[in-house]
Amino acid sequence: MMGEEERRMEAAKQFARRHVNGMQDHLSRTFSRRRSFRHQADPENSSHRVQEAPLMVKSQELSDSAVFADESTNEITEGTSVIVDVSGDGEIVATKEKAVPKGKHRSTHTQVFKYAYGEIEKEKFQQQENKNLTFTGVIAMVKKEITRPLVKVEFKDLTLTLGKKKLLRSITGELCPGRVTAIMGPSGAGKTTFLNAVTGKVSGYKVTGSVLVNGKNVNIRSYKRILGFVPQDDIVHGNLTVEENLWFSAKCRLSARMNHRDKVLIVERVIDSLDLQGIRNSLVGTVEKRGISGGQRKRVNVGIEMVMEPSLLILDEPTSGLDSSSSQLLLRALRHEALEGVNVCAVVHQPSYTLYNMFDDLILLAKGGLMVYNGPVKTVEEYFTSLGIHVPDRVNPPDHYIDILEGIVKPESGIIAKHLPVHWMLYNGYEVPSDMQDDLKAIGEQTPQIRSSPSMSDSTPHCLPHVRNAFVEERDRLEHHLSKPKDLSSRKTPGIIRQYKYYLGRVTKQRLREAMLLAVDFLILGLAGICIGTIAKLSDRTFGMPGYIYTIIAVSLLCKIAALRSFSLERLQYFRERESGMSTLAYFLARDTIDHFSTVVKPIIYLSMFYYFNNPRSSIANNYVVLLALVYCVTGIGYTFAICFSPGSAQLCSALTPVVLTLLSTQKSTPTFLKRLCYSKWALEGFIIGNAKMYPGVWLITRCGLLFSSGFDIHNYKLCILVLFMYGLFFRMLALGAMILLKKR
529 MMGEEERRME AAKQFARRHV NGMQDHLSRT FSRRRSFRHQ ADPENSSHRV
579 QEAPLMVKSQ ELSDSAVFAD ESTNEITEGT SVIVDVSGDG EIVATKEKAV
629 PKGKHRSTHT QVFKYAYGEI EKEKFQQQEN KNLTFTGVIA MVKKEITRPL
679 VKVEFKDLTL TLGKKKLLRS ITGELCPGRV TAIMGPSGAG KTTFLNAVTG
729 KVSGYKVTGS VLVNGKNVNI RSYKRILGFV PQDDIVHGNL TVEENLWFSA
779 KCRLSARMNH RDKVLIVERV IDSLDLQGIR NSLVGTVEKR GISGGQRKRV
829 NVGIEMVMEP SLLILDEPTS GLDSSSSQLL LRALRHEALE GVNVCAVVHQ
879 PSYTLYNMFD DLILLAKGGL MVYNGPVKTV EEYFTSLGIH VPDRVNPPDH
929 YIDILEGIVK PESGIIAKHL PVHWMLYNGY EVPSDMQDDL KAIGEQTPQI
979 RSSPSMSDST PHCLPHVRNA FVEERDRLEH HLSKPKDLSS RKTPGIIRQY
1029 KYYLGRVTKQ RLREAMLLAV DFLILGLAGI CIGTIAKLSD RTFGMPGYIY
1079 TIIAVSLLCK IAALRSFSLE RLQYFRERES GMSTLAYFLA RDTIDHFSTV
1129 VKPIIYLSMF YYFNNPRSSI ANNYVVLLAL VYCVTGIGYT FAICFSPGSA
1179 QLCSALTPVV LTLLSTQKST PTFLKRLCYS KWALEGFIIG NAKMYPGVWL
1229 ITRCGLLFSS GFDIHNYKLC ILVLFMYGLF FRMLALGAMI LLKKR
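Residues in the sequence shown are numbered from 529 upward in steps of one, following our numbering.
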């Protein structure tokens, strides 16, 4: 199947390349990357154009708008549609047929990929043409390329404090749409912290200052559906292929109104721009099972955010671990995103000179979270030259500036590195914080002309406006944090039901690829049934109580530990998806639904072994129902442990709770109310009642005595089953609530 799909895609690419030169006369400067066909004219003129179109045309004479109609309508006129077929001799046949009913699409899988690769080849051809455009032509082209909502981020006096330590101090600047901004600085300068503060990913910190989005003091999380954040760690699903990782992000985060053909185009464009074509069907891999290389994994990490077409794209060290050519490939892809109006901001560590010049703007931070420069890359050398800092010949400018900030290199002008943030504040007329007045005085002694700077003049006449502005900012800050953020992204993504469907498909693939792990779980459970069935011989005086006690402990322990894998192994992936706006409820329900297969099968495997060696009197159906309820109950408890605790602590709790609760429920000295809180009490009572019912007649006195001494009631069988299922449901609700409320550590 994979070979057939690759053959079709390769044929589509060859077809597009073969005929792209023939279509160049039909390309328009106003070509939109999102839609290749729009009904701009009235229906009468549109119908007239279709009637004039020949039924059989050569590929060089076929206009793009006649080949690929918009899939959202599948109609050219009210009564006709154009169906495209490619004959074996290379001719394209366009036939007119009756309109397809709404919701029915004739586009085949092959045709969709032909469309996608045709668009990609035309984009490449147009990029070559755009190199010869005049300045006016470039401006016009860029305006037409901007197809996404613009997001401009401004930050003023942004300060982040943890305890008594200031991680960021008086950061003021902006991130502009349509530009690629680099954030640089030495280690410990707060680059990643700055990104987290700008994107609202800080919790437990004291944040002062303001962050404006498009000039408004709103929570930036209101734009999370069009905000892409690429973390420093490559948080991807290792048991999915490259294409599956990208497609899942596209399906869940692109607009629900977007048709499938346009989603294919977006995903294929990202695969092509990041050079992932050769590994698209390869598993990403995990620590235990190696897959693609580290550099390829990094590009997949970036591609997951690119396929959702963000308006603001934040990247934390996207070039770390990449060679020079791969870094340039990634930057070219990011610059291509910026042409569409995307606001791109990336943390980079000492890039090469070529890579450095591919950025539009630069934010340079010093140790302590202070800003040294924020502006165009082209003017950074001019600014530092004005301070007497010159870049030596054959030295990379960013390396030189960072060496100065680290204290490795001392400027010839004698300027002190720790004074550079104050120089930047004075250069822009910003107010210098009170705790930096000593640095200000030192600078004033070195350069007397700075003493007359407006920022150092007597500010007494302006005291009242400053107080008023501070009051207004504090009021806005309180409203900003206390009000619930509204969705301002104007993008309607798929709802919970559709996301549940997508999650269900993904988890199914993951479970099938982990079939060996599931088989080992079944094998261990079967061996436990053999051992317990052999050791715990049935006694008519106890109605098999010892065997059932061992069964409860063993099954609870094994099923809880198996349930931990459902949520503890992909915790980081979940947090990334939740912060992007995906549904927690859909994620939880999908994983729980797939786990129901194990919940149903595990009791069968255990009882098939246990019954063969123990042979209790109760029917296998009665024992199966009790064991099914028990597995459902302990699986929910395992979910709660996996979500609330670290993996090590969760395993320890899963091992201890079955033993402790079973011992409590079987001790006569344990208070009744405490026994009723133990799920093991209800499971044991269900097993014993089911077995005791098979001892009538002369065993009646013995049966009554045992049930009375144990606190069991022969009529409580259904109640025991109900309580176990209710426990399972309660702990699932508790786990879901924990997923929603708990923060990422």
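Everything labelled a hint here was simulated from the structure, so no lab data went into it.
Keep in mind the model is a prediction, meaning the values are calculated, not measured.
Take these hints with a grain of salt, some might be off.
[What the hints assert, rightly or not] Here are the simulated distance ranges between beta carbons:
hint: 1; residue 1: LEU678; residue 2: ILE1052; range: 30 to 40 Å
hint: 2; residue 1: LEU690; residue 2: ASP1241; range: 50 to 60 Å
hint: 3; residue 1: PHE1253; residue 2: THR1112; range: 15 to 25 Å
hint: 4; residue 1: GLY691; residue 2: SER738; range: 20 to 30 Å
hint: 5; residue 1: SER783; residue 2: LYS680; range: 19 to 29 Å
hint: 6; residue 1: ARG863; residue 2: ILE1052; range: 34 to 44 Å
hint: 7; residue 1: PRO1175; residue 2: PRO920; range: 43 to 53 Å
hint: 8; residue 1: SER738; residue 2: ILE1024; range: 31 to 41 Å
hint: 9; residue 1: TYR733; residue 2: THR1112; range: 18 to 28 Å
hint: 10; residue 1: GLY935; residue 2: CYS1172; range: 16 to 26 Å
hint: 11; residue 1: GLY691; residue 2: VAL1128; range: 46 to 56 Å
hint: 12; residue 1: PHE1253; residue 2: LEU1045; range: 19 to 29 Å
hint: 13; residue 1: PRO1175; residue 2: ALA1043; range: 17 to 27 Å
hint: 14; residue 1: PRO939; residue 2: ASP685; range: 49 to 59 Å
[Unchecked claim] Derived SDA-like pairs (lysine to any residue); straight-line CA-CA distance at most 20 Å:
hint: 15; residue 1: LYS1196; residue 2: SER1177
hint: 16; residue 1: LYS1020; residue 2: LEU768
hint: 17; residue 1: LYS817; residue 2: LEU768
hint: 18; residue 1: LYS938; residue 2: GLY896
hint: 19; residue 1: LYS946; residue 2: GLY935
hint: 20; residue 1: LYS895; residue 2: LEU954
hint: 21; residue 1: LYS1065; residue 2: ILE1148
hint: 22; residue 1: LYS1221; residue 2: ILE1148
hint: 23; residue 1: LYS1020; residue 2: ALA784
hint: 24; residue 1: LYS684; residue 2: VAL735
hint: 25; residue 1: LYS906; residue 2: LEU883
hint: 26; residue 1: LYS1020; residue 2: LYS734
hint: 27; residue 1: LYS817; residue 2: ILE1148
Every residue, glycine too, gets a C-beta built ideally from N, C-alpha and C.
Status of the hints after comparison with the structure:
1. For the pair LEU678 and ILE1052, the supplied restraint of 30 to 40 Å is violated, since their beta-carbon distance comes to about 57 Å.
2. The hint said 50 to 60 Å for the Cβ distance between LEU690 and ASP1241, and at roughly 57 Å that hint holds.
3. Between PHE1253 and THR1112 the CB atoms are about 23 Å apart, so this pair conforms to the stated range of 15 to 25 Å.
4. Between GLY691 and SER738, the C-beta spacing of about 22 Å keeps the proposed range 20 to 30 Å intact.
5. Between SER783 and LYS680 the Cβ separation comes to about 22 Å, which falls inside the hinted range of 19 to 29 Å.
6. The given range of 34 to 44 Å is broken by ARG863 and ILE1052, whose C-beta atoms sit roughly 53 Å from each other.
7. Range check, PRO1175 to PRO920: Cβ separation about 51 Å, and the 43 to 53 Å hint holds.
8. Separated by about 34 Å at the C-beta atoms, SER738 and ILE1024 satisfy the suggested range of 31 to 41 Å.
9. For TYR733 and THR1112, the hinted distance range of 18 to 28 Å is satisfied, since their beta carbons lie about 24 Å from each other.
10. A C-beta distance of roughly 45 Å is found between GLY935 and CYS1172, which places it outside the suggested range of 16 to 26 Å.
11. For GLY691 and VAL1128, the Cβ-Cβ distance of about 51 Å falls inside the hinted range of 46 to 56 Å, so the restraint holds.
12. For the pair PHE1253 and LEU1045, the supplied restraint of 19 to 29 Å holds, since their beta-carbon distance comes to about 27 Å.
13. Between PRO1175 and ALA1043 the CB atoms are about 22 Å apart, so this pair conforms to the stated range of 17 to 27 Å.
14. About 28 Å separates the C-beta atoms of PRO939 and ASP685, a value inconsistent with the hinted range of 49 to 59 Å.
15. The suggested pairing of LYS1196 with SER1177 is violated, with an alpha-carbon distance near 30 Å, which exceeds 20 Å.
16. Between LYS1020 and LEU768, the direct Cα distance comes to roughly 26 Å. Violation of the 20 Å bound is thereby established for this hinted pair.
17. Annotation: proposed proximity of LYS817 to LEU768 holds, straight-line Cα distance about 12 Å (limit 20 Å).
18. At most 20 Å may separate the alpha-carbon atoms for a hinted pair to count; LYS938 and GLY896 meet this at roughly 19 Å.
19. A hinted pair counts as satisfied when its Cα atoms are at most 20 Å apart, and LYS946 with GLY935 qualifies at roughly 9 Å.
20. For the proposed pair LYS895 and LEU954, the alpha carbon gap of about 19 Å is at most 20 Å, so the pair holds.
21. Distance hint between LYS1065 and ILE1148 is fulfilled; the C-alpha atoms sit about 17 Å from each other, no more than 20 Å.
22. A distance of roughly 13 Å separates the Cα atoms of LYS1221 and ILE1148; the hinted pair therefore holds under the 20 Å criterion.
23. At most 20 Å may separate the alpha-carbon atoms for a hinted pair to count; LYS1020 and ALA784 meet this at roughly 6 Å.
24. About 12 Å separates the Cα atoms of LYS684 and VAL735, which keeps this hinted pair within 20 Å; it holds.
25. This hinted pair checks out: LYS906 and LEU883 have alpha carbons roughly 13 Å apart, not beyond 20 Å.
26. A threshold of 20 Å between alpha carbons decides the hint, and for LYS1020 with LYS734 the separation of about 33 Å lies outside it, so the pair is violated.
27. Restraint check: the Cα-Cα separation between LYS817 and ILE1148 comes to about 40 Å, which exceeds 20 Å; the hinted pair is violated.
Hint violations for this structure: numbers 1, 6, 10, 14, 15, 16, 26, 27, all remaining hints satisfied.
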